[in-house]
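Once you have looked at the hints, place chain B on chain A.
Given next are the chains, with one letter for each unit.
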Amino acid sequence: MAATPLGEFEHQLLLVVLRLGAGAGGLEIARELETRADRRVSRGALYTTLDRLEDKGLVRWTVAPGSPARQGLPRRVYSVTPHGVAALRTSRETLRRLWRGLEGILKEPTS
Amino acid sequence: MSRPPRLARWLLERTLPRGVRGDTILGDLIEDLETRARDRSGWWCWRQTLSLASRYGWRRLRGLDRRHPVQKEKRPMLLDSLWQDVRHAARSLAKAPTFTAVVLVTLALGIGASTAIFSLVNGILLRPLPYPEPDRLVYLNEIRPDGSQMSVSWPNFVDWRARQHSFDALALSRTESMTLTGVDHPERLRGRRITGNFFDVIGVRASVGRLFGEAEDRADTPAEAIVSHAFWQDHLGGDRSVIGRAITLDGTSYSIVGVLPAGFRYLGRDYDVFVPVGLWLANNPYLLDRGNHTGFFGMGRLRPGVSLAAARSEMRAIGASLQREYPKTNTNVNVRATPLAAQLVSNVRLTLLVLFGAVGCLLLIACVNVANLLVARGAARQHELSVRAALGGGRGRLVGQLLVESSLVSVAGGALGLLVGSGLLRLLVAVAPDGTPRLDEVALDGRAILFALTASIVCGLVFGAFPALQASGAHGQQALVRTRASGSSAGSHRLRRGLMVVEVALALVLLAGAGLMVRTMQRLTAVDAGFRPDHLLTMRFMLSGPQWRDDTRRAAFLDQVLDRVRSVPSVTDAALADSLPIDGSNWNSIFVVRDKPVPPRALLPSAAFTPVSASYREAMGMRLLNGRFFDATDTATSPKTIVVNETLATRLWPGEDPVGKLLKQGWPESPTPWRQVVGVVNDVKFDGVTEATPLQVYLPMAQEPSDGPALVVRTAGPPAAVRSGIEAAVHGLNADLPLYGAQTMDDMLASSFARQRMSMIVLVVFAGVALTLAAVGLYGVVSHGVTERTHEIGVRMALGAGERHVLGLVVRQGLVTTLAGTAIGLGGALALSRSIQGLLFGVTATDPLTFAAVAVMLLGVTIVACYLPARRAARVDPTEALRSE
Chain A
1 MAATPLGEFE HQLLLVVLRL GAGAGGLEIA RELETRADRR VSRGALYTTL
51 DRLEDKGLVR WTVAPGSPAR QGLPRRVYSV TPHGVAALRT SRETLRRLWR
101 GLEGILKEPT S
Chain B
1001 MSRPPRLARW LLERTLPRGV RGDTILGDLI EDLETRARDR SGWWCWRQTL
1051 SLASRYGWRR LRGLDRRHPV QKEKRPMLLD SLWQDVRHAA RSLAKAPTFT
1101 AVVLVTLALG IGASTAIFSL VNGILLRPLP YPEPDRLVYL NEIRPDGSQM
1151 SVSWPNFVDW RARQHSFDAL ALSRTESMTL TGVDHPERLR GRRITGNFFD
1201 VIGVRASVGR LFGEAEDRAD TPAEAIVSHA FWQDHLGGDR SVIGRAITLD
1251 GTSYSIVGVL PAGFRYLGRD YDVFVPVGLW LANNPYLLDR GNHTGFFGMG
1301 RLRPGVSLAA ARSEMRAIGA SLQREYPKTN TNVNVRATPL AAQLVSNVRL
1351 TLLVLFGAVG CLLLIACVNV ANLLVARGAA RQHELSVRAA LGGGRGRLVG
1401 QLLVESSLVS VAGGALGLLV GSGLLRLLVA VAPDGTPRLD EVALDGRAIL
1451 FALTASIVCG LVFGAFPALQ ASGAHGQQAL VRTRASGSSA GSHRLRRGLM
1501 VVEVALALVL LAGAGLMVRT MQRLTAVDAG FRPDHLLTMR FMLSGPQWRD
1551 DTRRAAFLDQ VLDRVRSVPS VTDAALADSL PIDGSNWNSI FVVRDKPVPP
1601 RALLPSAAFT PVSASYREAM GMRLLNGRFF DATDTATSPK TIVVNETLAT
1651 RLWPGEDPVG KLLKQGWPES PTPWRQVVGV VNDVKFDGVT EATPLQVYLP
1701 MAQEPSDGPA LVVRTAGPPA AVRSGIEAAV HGLNADLPLY GAQTMDDMLA
1751 SSFARQRMSM IVLVVFAGVA LTLAAVGLYG VVSHGVTERT HEIGVRMALG
1801 AGERHVLGLV VRQGLVTTLA GTAIGLGGAL ALSRSIQGLL FGVTATDPLT
1851 FAAVAVMLLG VTIVACYLPA RRAARVDPTE ALRSE
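Each protein sequence line maps, in turn, to chains A and B. Under the working numbering, the first residue of the first sequence carries the number 1, and numbering increases by one thereafter. Under the working numbering, the first residue of the second sequence carries the number 1001, and numbering increases by one thereafter.
Next up, chain A with everything else stripped away, as it sits in the complex (with noise of 0.2 Å):
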């Protein structure tokens, strides 16, 4: 499969869930992304872009059992496909790609 361009958002969500490992479920994902990239995201548009991630075949999930912290409600804790990780690859060289040459203007070493 091709890879499919990445929106900003989406790309830093599968960055978290990748981060995550194990434990990334969807309030997991949300403190993640406000400690790390300091975005305060509302819960309406963090699950309706994970299933659009899912559609495009980049995160798949499994259900883990609820604790009664949550009312016994099932957990979803996602993952990021071999396509999803193909993704972020594509995206971090077309990046690159674009900020090679930029060094001295942006004054920042690049890799």
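Quick caveat, the hints were computed from the structure, so don't treat them as lab data. Everything hinted at is true.
Quick list of the computed label-pair ranges, beta carbon to beta carbon:
id, chain 1, residue 1, chain 2, residue 2, range
1, A, Ser42, B, Arg1834, 45 to 55 Å
2, A, Asp55, B, Ala1090, 20 to 30 Å
3, B, Arg1397, A, Gly21, 53 to 63 Å
4, B, Val1816, A, Ser42, 54 to 64 Å
5, A, Arg97, B, Arg1397, 52 to 62 Å
6, B, Ala1728, A, Ala37, 55 to 65 Å
7, A, Ser42, B, Ala1342, 41 to 51 Å
In silico contact screen, one side only, chain A against chain B (beta carbon under 7 Å); selected entries:
id, residue
8, Arg43
9, Gly44
10, Ala69
Here the structure is a predicted model, which is why all the values come from computation and not from measurement. In this text, a Cβ means the ideal position worked out from N, Cα and C, and glycines have one as well.
Positioned in the frame of chain A, the structure of chain B alone reads:
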């Protein structure tokens, strides 16, 4: 830690995808809420709920949920066409921005105002008390046949308790201020003296330690106290090991046995400390006198299955048998039983219901106005509708579409109304009278939101119904044949005028209510209170504890206080009094006079007894009518003297000179001394300004030194400014003396009619809005009529009708509408006037002057509203008007 509000959860369960997808999202939300601070979580939760509901709800409604393809196929036609209607309505509303804005503002005002008032009524009247099974709690006191309320005498209570079968248990309690000493800053505490079972009856458990039991009712009970959660936090550092620690109240050491749960209040008040009644019985043997009603009030919990009516009749029967057994003390004394919740709100209930009625009127006016606008719009759109009907649009579909349009605009208006309502509610809470019970429980909660939603949907259907039926009545071809210029049918015009009649009538009802309240406030502020309230500052202190038991010591100290206070800059005079005017009497007692026959016990006169310092009359600005006021010759050892008020003098000694007569406080056989009348002063309002002045007896403070006097200070400048100077002067004498309740006399007067003022403000604002809406509505109708009749007017003028004739023609038409509305409104206002009677003062609920004034005002405003379009009609150029045909 908190959980989502029920309404939010309900909304989510209906909008999120079904099955595990929705469940997991809801679970995340619940878990997130659990860890959030309670104070901000409600708002956060609603934001997230709305963001989820709007995104997922829309998909589910449209059947776009990709995970439920089956649903899409099954999607009913109705939903599809509804969605189409909503979109069509939104488009057509957006095309008429002025119309939409006017309708939205009208609705936002109507729904906002009613939501705010509903929140008040809901928080104060409807929400149950925060105790288990609050419906079973009953408030008990004693009452005379003339309706005067009394507290409960202890021996009567003991008999009630022994004889009754309707209640699980009966408790007794009284309010008592206590002074906390032995701490850095001595303080007045709000205390309550209670029987041991008081908290059992209410159904409250201790959060730390224990509560009282039956042992605390006995005279040999140890000195124990229960403290409130707030007191425990603020004074005892929230320390759980506080049980057994001692606090000093009124000079006696109490050991703390328990702490109440946070937020406990009784009859809407916070209390700091509770102490048992047993201790008091031991020190105050006069409590055991059946004739003494000493400030105790009863409370009982009905046995399961026993009705209030049954309990009432049983208590009355017990009261009646006590009357027979103890005729000396109990003649004419009966028992009164009211639900505890009703007792709590008894004094604000009427105000709230009147305001609720008024806001109902306002909402109706808003609806009628919007209906009027919609009818006009429907008439203007008749051509469009006819075309659609002719092209095969079903009648039901057209009606449905118009209803959707009106519902859409009303729901949007309702949403705006919620914003208006929350602002208005804040304003209402700010102007609410001090001491309004449960004011802190008032909030724009889920119930209020539901109310606003229901109100707006009902509004949408009600005011959408007229134009929908109206517009759908026209048959396709008929309307198509008529040209656009000929405009709407006569039927729509009749309907609009009918709606105007209703609107004018409702506006008149509101105006009449507002007028009556304005007159009431005029009367209240014009009442002669009998003293000069300006430049007076009052505050109280308490001389409690064993060191103050000695009368001579108290009297000497009070003299010193007055000397010190008089030397404070800007103070021109100072006095002491046991009770203050307006504030109510602290000491009411029956009395006998020497030179008249003693009436039967039940008919003995009662007066407000007030010990005052010699400087009191001049400091207050009262007039001496006869004899003299107290002076330096009235000392603890001189003959006992009193001064009486005019009412007492004329009641007891009509046509005689009261000076020199003898009077005794108490029963005929009481060992109290005879006191000689030395002077008569003018009447002073004692219980607010609306209550009749009681019989008053003033005693010299030197002979009856008060232990909880009020300080009255007359100042040269603003009275509030000397407060700190006075506090410093008194604390210079005794640093342990807490001064409290500082208030200017003007403020005290103002707060005594705060209830009426709040009603007046709200009613005047509502009536103003109603009048404006009615005037605008009438202007619209008349002006529309003029446009329609341009041709006719042109013909008339061409045939020789003058400007005056045309002017009269148009104004007359508007006037007929207004007169019909005014007549109906007057009838309605008269019928409703009885309900507002209890709020009025100095004016009857059917005051002809007020009614005439508001009717004239309404007519005046409507004549202006009719005159403007009429002038336009009179300037019609006949040739122009005829050429346009």
